[in-house]
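Trainee: Okay, here's what each chain looks like letter by letter:
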Amino acid sequence: MAADLAATVGAGGSAGTVSTHAACRSRVIQAVGLSKHYGRTTAVDDLSFEVRSGLVTGFLGPNGSGKSTTMRMIMGLDRPDAGSVTVDGRPFHALPWPLREVGALLEARAVHPGRSARNHLVSLAQTNAIPKARVDEVLDQVGLTSVAHKRVGKFSLGMNQRLGIASALLGDPEVLLFDEPINGLDPEGILWVRNLLKALAAEGRTIFVSSHLMSEMALTATDLVVIGRGRLLADTTVAEFISSNTEATVLVRSPEEGRLADALTRAGRGGSVRRGEAGGLLVTGASPAEIGDVAHTEGIALHELSPQHASLEEVFMELTSEAVDYHGSPSAGSVG
Amino acid sequence: MTVLETSFPSTDPGRAGLRLSLLSEWTKVRSVRSTWISLIVIVVAGVGLSALVSNVEAGRWASLGVVDRAQFDPVRFSQTGEFISQFVVGVLGALVVTSEYGTGSIRTTLATVPRRTTVLAAKGMVLAAVVFVVTEVTAFASFFVGQAVLSAHGGRTLPAGSTIVTQVTSSAIPVFGITHAGAARAVFLCGVYLSLLSLVAFGFGFVLRHTAGAISSFVGVLLVLPLIVQVLPSGIADPIEKYLPSNLGLAMIVVTTRKTDFAGVLMTPWMAAATLLGYTAVVVALGAWLLARRDA
Chain A
1 MAADLAATVG
11 AGGSAGTVST
21 HAACRSRVIQ
31 AVGLSKHYGR
41 TTAVDDLSFE
51 VRSGLVTGFL
61 GPNGSGKSTT
71 MRMIMGLDRP
81 DAGSVTVDGR
91 PFHALPWPLR
101 EVGALLEARA
111 VHPGRSARNH
121 LVSLAQTNAI
131 PKARVDEVLD
141 QVGLTSVAHK
151 RVGKFSLGMN
161 QRLGIASALL
171 GDPEVLLFDE
181 PINGLDPEGI
191 LWVRNLLKAL
201 AAEGRTIFVS
211 SHLMSEMALT
221 ATDLVVIGRG
231 RLLADTTVAE
241 FISSNTEATV
251 LVRSPEEGRL
261 ADALTRAGRG
271 GSVRRGEAGG
281 LLVTGASPAE
291 IGDVAHTEGI
301 ALHELSPQHA
311 SLEEVFMELT
321 SEAVDYHGSP
331 SAGSVG
Chain B
337 MTVLETSFPS
347 TDPGRAGLRL
357 SLLSEWTKVR
367 SVRSTWISLI
377 VIVVAGVGLS
387 ALVSNVEAGR
397 WASLGVVDRA
407 QFDPVRFSQT
417 GEFISQFVVG
427 VLGALVVTSE
437 YGTGSIRTTL
447 ATVPRRTTVL
457 AAKGMVLAAV
467 VFVVTEVTAF
477 ASFFVGQAVL
487 SAHGGRTLPA
497 GSTIVTQVTS
507 SAIPVFGITH
517 AGAARAVFLC
527 GVYLSLLSLV
537 AFGFGFVLRH
547 TAGAISSFVG
557 VLLVLPLIVQ
567 VLPSGIADPI
577 EKYLPSNLGL
587 AMIVVTTRKT
597 DFAGVLMTPW
607 MAAATLLGYT
617 AVVVALGAWL
627 LARRDA
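So the protein lines, in turn, are chains A and B. Take the first sequence: its position 310, counting from 1, is numbered 310 in our numbering, and each next residue is one higher. Residues are numbered in our numbering as their position in the second sequence, beginning at 1, plus a constant of 336.
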């Protein structure tokens, strides 16, 4: 299964390919033209995307970009002003056993502080006819068995986060939504969530996880849905996202940087040559081998020749800062 | 990774409906301390105030004139705790809803049971059932405790079929039996009054979605509204007065087989109960309509 998925991911180049694969699978989240306004504020603007099964799909956007609103619309909690979103082809409220199909961690602190962790989970389990044995199972899975009978009000944020994850896992659902699951977790907790998400996806489940931490998504997600100001900026894979949004840059250091720059410009490969902030030359449009050849021909010594990889964080910052620019004036808020 | 002891596939027949939500809401209600504290206050206030007030009134009997004796109401004395309990059930009814809005867990609830009217119905039925059982038990216990206190002061049970008027010239304090005209009805309706009030506060909870807002609105209707009506010109106030929820409660609990200064001011007990039921239905329906319409 995992190997098959990896092949799928590797082949999933364009958005068209992605949707073809998604259509083959049984459980997907499908959003079409979702829009949501709160008063004059546009939270989500004509958002369409798909979440494929068996993968971790990262839902990225800066704070306030509409991620939580979108999650609430998927769960049938907020009503879209336009568009629709379905889980496995049906709107959320049409699912006969919602907890057995979709598990969600939306707000970690959303538990009555006076209730014990176990009673909280039992009350949720009962709504979907889930046996109490399963409650103890998920408590064990998230490591809260020893505090199962403690009042939730005494829990730390990390313990609350684990309880929220336990409630999402309760129905053994095929589809899981996590809104900022690593918020407030210590490094150990972050690692635990990271591994849990991967393990759940490896079991063939559909994982949709939001974050404003791009570096975190680079470690856990395969697919990416990126939004800024409520609009879709990218619906792609992590690998595709990085390569299509950055030019390959090569850092070159040489005692004769002025002459090398002239030579590279004369060689005319359609790229650019500029001075790096920390010294050296940053060259685009030419591979390290080509640069080395030019230097050799000109008889220039090279002290460093290294390809630079943009991190997901850098790519994301660049993308969303553009989105912010585009949507800077209120008049530009129309559907495009 | 996960070894399931039991399976619960999403293809099972049936759905997450009302019966299961009732179980869940029952778990929620009994798993927080505030419920138990509220219920204990209702029982203690009911029985305790019945004993206290009956004791005080028993001591006054000898010094009362004939007119005052005609208004002596041993049933009403035994239900004095109702005045405190109405606020307790109000807080309980509001909290069942607003504690979920306060913590955000209403979204967890609605994500497990997306049919919102099912959630409201389950919550309301569990609340009403819990309040009804406790307030009825308290009302009847208070009645018997109150009559026992009067008997201990040399009270004498009214002969069957007679009213308090036949005993105004006697030195013996009148004591009601539960089978006396109006007694069982008044005691029973005390529990009904409190149960309906808890549902009014419950409805306010869904309308306002805020603990302080729901409770203060509830207290406003019970305490502040009568004060406002009082300062109105009597031509306006008099026809309104009997419709006030607090006066509906009075009408339901008072034994009106006698001529009193309430006669004509209050509705008949069953009419008052029906009117309060109407108010409750309106508030809960408004809450249900808003719950279905609004974002959670």
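Treat the hints with care, since some could be wrong.
Stated by the list, open to error - Non-contacting residues of chain B with respect to chain A, defined by C-beta distances greater than 12 Å in every case (computed):
1. Leu358
2. Leu559
3. Ile576
Claimed, not checked - Selected chain B positions facing chain A (in silico; Cβ < 8 Å):
4. Gly350
5. Arg351
6. Leu354
7. Ser360
8. Ser367
9. Val368
10. Arg369
11. Thr448
12. Pro450
13. Thr453
14. Thr502
15. Val560
16. Lys578
17. Thr611
18. Ala628
19. Ala632
What the hints assert, rightly or not - Computed spacing ranges between beta-carbons, pair by pair:
20. Ser321(A) to Pro345(B): 45 to 53 Å
21. His37(A) to Ala628(B): 47 to 55 Å
22. Thr515(B) to His93(A): 48 to 56 Å
23. Gly114(A) to Ala628(B): 39 to 47 Å
24. Ser48(A) to Ala621(B): 44 to 52 Å
Hints were generated in silico from the structure; no laboratory data involved. For each residue, glycine too, the CB sits at the ideal point set by N, CA and C.
Trainee: For the hint on Arg369(B), does the least C-beta distance to chain A fall short of 8 Å?
Mentor: 5 Å, holds
Trainee: Given Ser367(B) as an interface hint, is the shortest Cβ-Cβ distance to chain A below 8 Å?
Mentor: Holds: closest Cβ of chain A sits about 4 Å from Ser367(B), inside 8 Å.
Trainee: Between Thr515(B) and His93(A), does the C-beta distance stay in 48 to 56 Å?
Mentor: 52 Å Cβ-Cβ, so the 48 to 56 Å window holds.
Trainee: Could one say that the CB atoms of Gly114(A) and Ala628(B) fall in the range 39 to 47 Å?
Mentor: 28 Å, violated
Trainee: Could you say whether the range 47 to 55 Å given as a hint is met by the Cβ separation of His37(A) and Ala628(B)?
Mentor: 20 Å, violated
Trainee: Does Ser360(B) meet its interface restraint, that is, does its C-beta lie within less than 8 Å of any C-beta in chain A?
Mentor: Nearest chain A Cβ about 4 Å off; hint holds.
Trainee: Under 8 Å, Cβ to Cβ, is where Lys578(B) needs to be relative to chain A, so tell me if that hint holds or is violated.
Mentor: 40 Å, violated
Trainee: Using 8 Å as the Cβ threshold, decide whether Thr502(B) counts as touching chain A.
Mentor: 53 Å, violated
Trainee: For the restraint on Val560(B), tell me whether the closest CB of chain A is nearer than 8 Å.
Mentor: Since the shortest Cβ distance to chain A is 30 Å, the answer is violated.
Trainee: Just to be careful: measuring from the Cβ of Ala632(B) to every Cβ in chain A, is the smallest value less than 8 Å?
Mentor: Hint on Ala632(B): holds, closest Cβ of chain A at ~4 Å, below 8 Å.
Trainee: Would the hint on Gly350(B) stand, with a C-beta cut-off of 8 Å toward chain A?
Mentor: 7 Å, holds
Trainee: Using Cβ atoms only, decide whether Arg351(B) comes closer than 8 Å to chain A, and label the hint accordingly.
Mentor: 4 Å, holds
Consistency note: the structure conflicts with the earlier hints numbered 1, 6, 13, 14, 15, 16, 17, 18, 21, 23 and 24.
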